[in-house]
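Chemist: Sequence:
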Amino acid sequence: MTGSRAGNMRLAPVMGRKRRSLVLACGSLALGLFTAGCTTPPPAVAPVPSRSAPAPVTSPSEPAAGSSSGGPAAGVRTPRGLDHIVIIVEENKPSQLIIDNSDAPYINTLAADNALAVNYQAVTHPSLPNYLALTSGTNAGITDDCSPGGNCTANVPNIVERIGESGRSWKMYAEDMPAPCTAKNSGKYAVKHNPFMYYPGVTGDKASCAAHVVALTQLGEDLKGASSLPDYAFISPNMCNDMHDCPVTTGDEWLSRQVSAILASPAFTTQNSLLVVTWDEGDDSSNKVPTIFAGPAAKKGFRSDAAFSHYSVLHTVESQWGLAPLTDNDKKAPVMSDMLK
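In terms of our numbering, the sequence shown has 305 at position 302, counting the first letter as 1, and numbering is strictly consecutive.
Honestly, I wouldn't trust all of these hints.
[To be verified] Computed beta-carbon distance windows for the label pairs:
1) 248 x 208: 12 to 22 angstroms
2) 273 x 303: 12 to 22 angstroms
3) 144 x 310: 23 to 33 angstroms
4) 122 x 264: 43 to 53 angstroms
5) 286 x 170: 34 to 44 angstroms
6) 211 x 122: 37 to 47 angstroms
7) 248 x 115: 20 to 30 angstroms
8) 308 x 108: 42 to 52 angstroms
9) 122 x 146: 36 to 46 angstroms
10) 207 x 309: 31 to 41 angstroms
[Claimed, not checked] Under the rule of at most 25 angstroms between Cα atoms (straight-line distance), these lysine to any residue pairs were calculated in the SDA-like manner:
11) 291 x 330
12) 227 x 183
13) 302 x 260
14) 191 x 149
15) 191 x 222
Calculated directly from the structure, the hints in this document are not laboratory data.
Glycine residues also receive a C-beta, built at the ideal position from the N, C-alpha and C atoms.
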């Protein structure tokens, strides 16, 4: 009995150590299992894009940053924004000769029903530099109403080149232009009111120019369908209907016909489109001219006191379609977003 008790006593420490080791091992295993059960595995690491990956598309309400000389790759359609933008430019009338003038009942009804900029300025005198500012953000060194060619060439980037590069369509509609892409005055057609004839990027390809710079008679056909009206349309009335050589009443009656047809077209009744009616210049030192936004994209019964200019219209087009600004002039000009819905 004494030997057995002694043997048992010798085995006790050994068994105690084994039990402690087993308990510790089991405890470690239990802790590991508990930790594993309560911890979420780390997410898989996504591949890092290469530096050559395309940058995110800029929102149409925020113009693309960077160099003003850059634009989207040819044929690459940038954000949708407005479906169509149609711009009509009248001539040589300051705001005080149009707004609240009983000789312009249609224009004043249009302004009251839609959005009117009451603090909008042309950028200079005479006509041509203003048309160039509206479409390229600069007068390109041209300070008079010269005819295109020689030293009277605007060899600068322009809005229709940007529009074409973005995958959109455009046309210039010139009233009484005798043939597409005409670079000389003819009857009541004044080439100084057709800025696209001054851009070598437009006139250099005769076939393309003839397809894009057309007579106003083509507009009626193009208005028949939303897809047949170009995304960007620039309309120049003849020298009488633009109020240059004829009374305000003549221009008002012309606008009543043309604007009514535009606003009743599928591009404006079924899509989110914008009509802009402005004047190239005033006749006083303030150079203030009325500018109206109409159509489904325009606010209704709205007047803006913000300081705008022709560069603002250009920047608004760029902003809506995600196009890089052409110059610092349009880049710094306020976008006319307060006049849009």
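Chemist: 12 to 22 angstroms was suggested as the range; check whether the CB atoms of residue 273 and residue 303 agree with it.
Modeler: holds (18 angstroms)
Chemist: Take the C-beta atom of residue 308 and the C-beta atom of residue 108, compute their distance, and say whether it sits inside 42 to 52 angstroms.
Modeler: violated (24 angstroms)
Chemist: How does the Cβ-Cβ distance of residue 122 and residue 146 compare with 36 to 46 angstroms: does it lie in that range?
Modeler: violated (25 angstroms)
Chemist: Given the proposed pairing of residue 302 with residue 260, does the C-alpha separation stay at or below 25 angstroms?
Modeler: holds (22 angstroms)
Chemist: If I claimed the Cβ atoms of residue 211 and residue 122 lie 37 to 47 angstroms apart, would that claim hold in this structure?
Modeler: About 38 angstroms separates the Cβ atoms of residue 211 and residue 122, which means 37 to 47 angstroms holds.
Chemist: In this structure, is the beta-carbon distance linking residue 122 and residue 264 contained in 43 to 53 angstroms?
Modeler: Since residue 122 and residue 264 have Cβ atoms about 30 angstroms apart, the given range 43 to 53 angstroms is violated.
Chemist: CB of residue 144 to CB of residue 310, is that within 23 to 33 angstroms?
Modeler: holds (26 angstroms)
Chemist: Are the Cα positions of residue 191 and residue 222 separated by 25 angstroms at most?
Modeler: This hinted pair holds, its Cα atoms lying about 18 angstroms apart.
Chemist: Range hint 12 to 22 angstroms: satisfied by the CB atoms of residue 248 and residue 208?
Modeler: violated (33 angstroms)
Chemist: Would the pair residue 227 and residue 183 pass a check requiring their Cα atoms to be no farther apart than 25 angstroms?
Modeler: holds (21 angstroms)
Chemist: Does residue 291 pair with residue 330 here, judged by a C-alpha cut-off of 25 angstroms?
Modeler: holds (22 angstroms)
Chemist: Against the 25 angstroms threshold, does the CA-CA distance of residue 191 and residue 149 hold or violate the hint?
Modeler: holds (16 angstroms)
Comparing the model with each numbered hint stated earlier shows that hints 1, 4, 8 and 9 do not hold.
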